[in-house]
Amino acid sequence: MSSIGRLAFLVSLFLCFLVLFSPGASAQENPYIVAYDHYLEEPGNLEIEYFSTFGTQRGGNDFHAFWTEFEYGATAWWTTEFYLDGQTTFGDSTIFTGFRWENRFRLLRQEHFINPVLYVEYEHTSGADKILKEVEGHDMESDYLEPNAILRKEHDQEMELKLLLSGTHMGWNFVENTIATKNLSNVPWEFGYALGASRPLALKASAKRCSFCRQNFIAGVEMYGGLGDRYSFGLNNTSHYLAPVVAWNLPSDWTLRLSGGFGLNDQSHRFLLRWGVSREVPGFGSMVNRLFGGHK
Amino acid sequence: MKTLSLPLALAAALLALSVALAQSQKPESASTTPAASYDPAIYAELGKAPEKARNRTNPLQNDPDAVAAGALLFEQHCAECHGDVAEGTRKGPSLLVPEVQNAPPGAIFWLLTNGVVRKKMPVWSKLPEPQRWQLVRYIKSLGGPATPAESSSPKP
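Heads up: the protein sequence lines correspond to chains A and B, in order.
For the first sequence, the working numbering gives the first residue as 37, with consecutive numbering after it.
For the second sequence, the working numbering gives the first residue as 408, with consecutive numbering after it.
Looking at chain B on its own, in the form it has when it is part of the complex:
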């Protein structure tokens, strides 16, 4: 039993500490609707993109498959936090707001690459550069804020 108690205690302490730490961080949005989650401060990180990064153009701007591929990537990597159609959840902000939709593609790409580590947004440079640009194409294709009727309609 002596050999058992140490790993058990360690595992319990580890689990409690890490869950507490993960939960203690302030959620970036409080609701699942874009209107309610709107907080300009959340999007300030986009404005921190260096000029050189902001000015980059999307090399896949004219790729006919980029939006469809980006949609799949979004579903796999982003929807868990940002919602199925980027409407925002308690874990991540909406990407349908003007701050994102009007941002230069280069700024969104820069944010994806660097993450916002202290605000729980992971670094996504593990996705190859073309896949990050495909994600940017998809996010920009979403257009803009959903109407209240759209945002409250059930998802398929």
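Bound conformation, chain A alone:
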């Protein structure tokens, strides 16, 4: 394991400890794994998330990609996130594949029919990164055919911009994300999209504390794919996925997500099985502040 892998492991271990032994804050999380809605993290709270993606690979070995997210509500209008990515390609190896730093800014103060959020991300990943957190440009299944030893030699530094549009009406949440990515080397702008819709199975809360109440489950569907690049914009040689998604918001403050994604054309992986688990640590900012002698 590389030094950065060891560091990631230690940081994750510390934060898992923090999550297990801190009081939680029950979240009402939407089930999307790729698409984003306009809801930001509550100020001062830290949400720790782990996600897995199992993907099939025609002509090569299937893979299991995974990432950990540390999502912090800096203010009610700014959420910042740090990601650590890795993957196992069966019959090949397990490697750390990079990190991402993401920021989301709420653009309007009040709630509107459509609510825009600006998303800015810097990512430093290797060519072996397979988490498929977004699909853009001419991303295709065949890009992942090479063994890890070759793919990891390719280093990508990218700036990613997204305009997240989202609205909630009659219990339904609808999202549309437009993606524009610029590799900081001499590669043209690439584009992509993500769409989603979801709804809790019940809109009223139960008067009793329960794990299996319908309001704890939110089901929906998301669709995402690439739109080519600056010189060849469109659907030609792009991959697209349709994925039913479900989230289970447990009263014990954990959220579980599950998604089965189906490739919609020959350039897509046939199947992506994703799942994730997350927990919110309330008052993390205050905790850190007290640690360094801030107000009691």
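Read the hints as simulated data drawn from the structure, not as lab findings.
Built from N, CA and C at the ideal position, the CB exists for glycine as well.
Be aware that one or more of the hints could be misleading.
[Stated by the list, open to error] Cross-link-like lysine to aspartate or glutamate pairs, in silico, DMTMM-like; alpha carbons within 25 Å at most:
(1) K189(A) - E212(A)
(2) K244(A) - D491(B)
(3) K459(B) - E107(A)
(4) K547(B) - E147(A)
(5) K455(B) - E506(B)
(6) K189(A) - D179(A)
(7) K218(A) - E105(A)
(8) K526(B) - E107(A)
(9) K244(A) - E482(B)
[As the list claims (entries may be wrong)] Quick list of the computed label-pair ranges, beta carbon to beta carbon:
(10) G550(B) - R145(A): 27 to 37 Å
(11) G296(A) - T464(B): 36 to 46 Å
(12) T214(A) - R463(B): 30 to 40 Å
(13) D472(B) - L144(A): 32 to 42 Å
(14) D472(B) - L327(A): 40 to 50 Å
Start from chain A and add chain B according to the hints.
For chain B alone, kept in the frame of chain A given last:
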């Protein structure tokens, strides 16, 4: 080590910046007791609710389970900032004061829906509309300011 230093530096800078920013905002109340946290300016946002929103009636006004369900929702989503019985904390103001208790249900619903983003109150439209009305029922059921004896008594 070179590949390690960049993410480390970024992560440290990110953590420091975001914690500093979260902490630098002026707390909305200075104490955990309603009497000490009373500051009419904090509640001015309620008065900004448009007439149409203020005039909305609570569709769950006669729902016998609404208060109990609202209490659970409050515990899950609101108590962290507003205190276990809405008495107010350093992070959020008391909801037992007359400004809240005498406010029309529609105004409280409007504030829940829109939040007060620049004052750290999140947007709660992610809760479905019936759940926001259940919260309004619970908040209104709390009645009014606690007496000093009540507010200083230990919580169960």
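Original post:
Which hint numbers doesn't this structure obey?
Top reply: Of the numbered hints, 1, 3 do not hold.
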